[in-house]
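**Student:** The chain contents come next:
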Amino acid sequence: MSDVQNILLPEGSIEKQSTTLNLGPTHPATHGVFQNILEMDGERILSSESTVGYIHRAFEKLAERRPLYQVTPITDRLNYCSSPINNIGWHLTCEKLLGIKTPKRVDYLRVIIMELARISDHLICNSIVGVDTGAFTGFVYVMEYRELIYEIYEEICGSRLTTNIGRIGGFERNFTLVAWQKLEKFLKEYPRVLKEFENLFTRNRIFIDRTKGCGPISGERALNYGFTGPNLRAAGVDYDVRVHTPYSSYEDFNFTVPVGSTGDTYDRYLVRNEEMWQSLSIIEQAYQKIQDMKGAEAEVYHANVPEYYLPEKKDVYTSMEALIWHFKIIMGEVEMPKGEVYNSVEGANGELGYYFISDGGRTPYRLHFRRPCFIYYQAFEELVKGSMLSDAIVVMSSLNLIAGELDA
Amino acid sequence: MSLTNEQIQTRLTEKFGEQVSAFSAPYGMLTFEAPKELNLKVLQFLYDDETLRFQFLTDLQAVHYPDNKGKELAVVYHLHNLVDNVRIRFKVFTDINTPDIFTATQLYSSANWMERETYDFFGVNFLGHPNLKRILNVDEMDYFPMRKEFPLEDQTRVDKDDEMFGRGGSVN
Amino acid sequence: MSRPVQFNITPKPVDYNGHISVVDAPEGHMGEGFFATKLSEVVGLARKNSIWPLPFATSCCGIEFMATAAAHYDLGRFGSERMAFTPRQCDLIMVMGTISKKMGPVLKQVYLQMAEPRWVMAVGACASSGGIFDTYSVLQGIDQVIPVDVYVPGCPPRPEAILDGLMKVQELVGQESLRRRNSDHYQKLLDSYGIQ
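Residue numbers (the working numbering), protein chains in the order written: chain A, 1 to 408; chain B, 1 to 172; chain C, 1 to 196.
Mixed in with the good hints there might be a few duds.
Just a few of them, taken from the derived set where beta-carbon distance is under 7 Å, the chain B residues facing chain A [as the list claims (entries may be wrong)]:
#, residue
1, Q61
2, H78
3, N81
4, S110
5, N112
6, G123
7, N125
The set of hints was computed from the structure by calculation and includes no laboratory data.
All C-beta atoms in this analysis are idealised placements derived from N, C-alpha and C, irrespective of residue type, glycine included.
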């Protein structure tokens, strides 16, 4: 107990007891519904116990009911701040099982979409860390530019947030001219905005005092707890799925992976910030590569797999094979090989894995999502033991806990 | 020198002999199984061995095969060697009437909640787990929902008619 | 392949010093130094233009709410500038996102902590009817536990749709009779949910 104040108090007095605080499921500072019961001595936290499951939607059981292309909308709702990454990760898993190889242009288009999603998620996380330390301006300023990203998604797939983007084998249509114009506008205007956001936070005395030393974790403990993604990289371990097992032609791009040292909140903020710059550079490289493609290659937006990719409607009305493929795909009676595959992509929070067992039927026999948030939230108790309540709030928001991914 | 699937397989059979079996490599990932009493020994060996060094537990979950009598529940571990960039998959099977498996929380702290989730969905009892209670479902639930015999929908709902979804049965 | 399309071709200049919209006075009889109108109209006018919402954001619709509250689709211009994060001080609870069976009692407790007059808006398909999650763990619509005034469909609804829902709540608030909360009809409604 805090010795200085309590030294003269009689035994058993109320000031010497610890209080239980319920940082409950509905709380303005928790970003999503999870509960923490904190045992506190004054302002210091002695221990905490987390309860999750307040938004359990049974994704895994739901996936056993749906054919492959119908599983995409439920993968959207995992990490809903960056839903294209979840969708494309699922399509990559299906392509691995079915043995489909996508052309380069499709890969580059996917890279653009995934990096936009990563920027969008890191923007929310960093600005919410700012809001939790009291700086509301960054959040409101940056949300305007997230609207630009939403407009780009809307041009491509029609929806802002839960995108259901792409198909197994590519995209549903080529990117329109308006989408390219909006992307160019984003690439032109966004660096200035990110620079201004950095200026507000990175060397801000108050922000540094609030976040430095807050919830540190060492590299070995982080690995033991199963951390991945920016939280692990802030602790000093450079594990990035895009570099370790490149998917969707990531090996063609030139980018660095930022790594922190102490694993505290300030390092996590800096790692995410630097990752946004790197994502911006990857998008510019991919955009350049796509502009350099000429001729027939520049019109490709899906792999040539008529068994799994819906044929064009005009072909369905005129050609017999297209009609048969259309029917089989919609009814879900396609050729599914038996087997099990584990595929992972670098989500905004870390390694998002899909373990897919197929028994040859129209729906997956078992689909399991390896959700990074769920795995690293276990370490929360260790991160906040001994720190103040306000530090616990800042640690919670810097871990970027998304409730949909926590519970699935 | 990078670690290949054959090298891992030879090391495992050297140490455990006939007990590790069913080696296969679907889509490039070495998969093998062992009896459930040995799961901790195998995990510890994979962790400590200097050439194998599988020190990252990527994923832990279960699969229900109602047709394999005597081996209905499979607990699957995905391990990752970050230094040599190799992944393997390790399965243990157990009977559905006595689904007791030793817990891996001593070795990997990330197994804590993953085992709770497996218990919540399939009923696998992990021996030695510090806090084996339901994590994602409501605490009062008395069945294990991911097993194949249970339906997806809540049978007590009155506003949706199963017959409209082609699933027979109707609400009057 | 596609015709050249342009957007934002004729941008309108921003109206900085212009028209601040002011609420019209209700109908009534004006005289020298007095104005006579119905009490319910004045009270309704005051309430509907200063609704303090409680954002009960659980999942994806919560992110669309954040976008609605941000500068682009401003929620503050409807009078909802202060997001009262405590149920004791709010008028409208906006339930955004899927409510699971584990969360149902929590939602009911938050609703009970609200003071009359209170309104409920169910934002999104999951809050209205369970949405795409017809599963064992999801409550099929929050009207299983609390009475709802406005439903906003969508998955997630666009910010414009959420604003439209707020405007419908404003209509309800503006036209509500002052005796409604004490009437038998309302008591029967609450009893059907088991709320005293």
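**Student:** A separate judgement is required for each hint: does it hold in the structure or not?
**Tutor:** Going down the list of hints, with the structure as the test:
1. Q61: holds (5 Å)
2. H78: Status holds, d = 6 Å.
3. N81: Not OK, violated: N81/B not within 7 Å of chain A, min 11 Å.
4. S110: holds (3 Å)
5. N112: Nearest chain A Cβ about 6 Å off; hint holds.
6. G123: violated (15 Å)
7. N125: Status violated, d = 19 Å.
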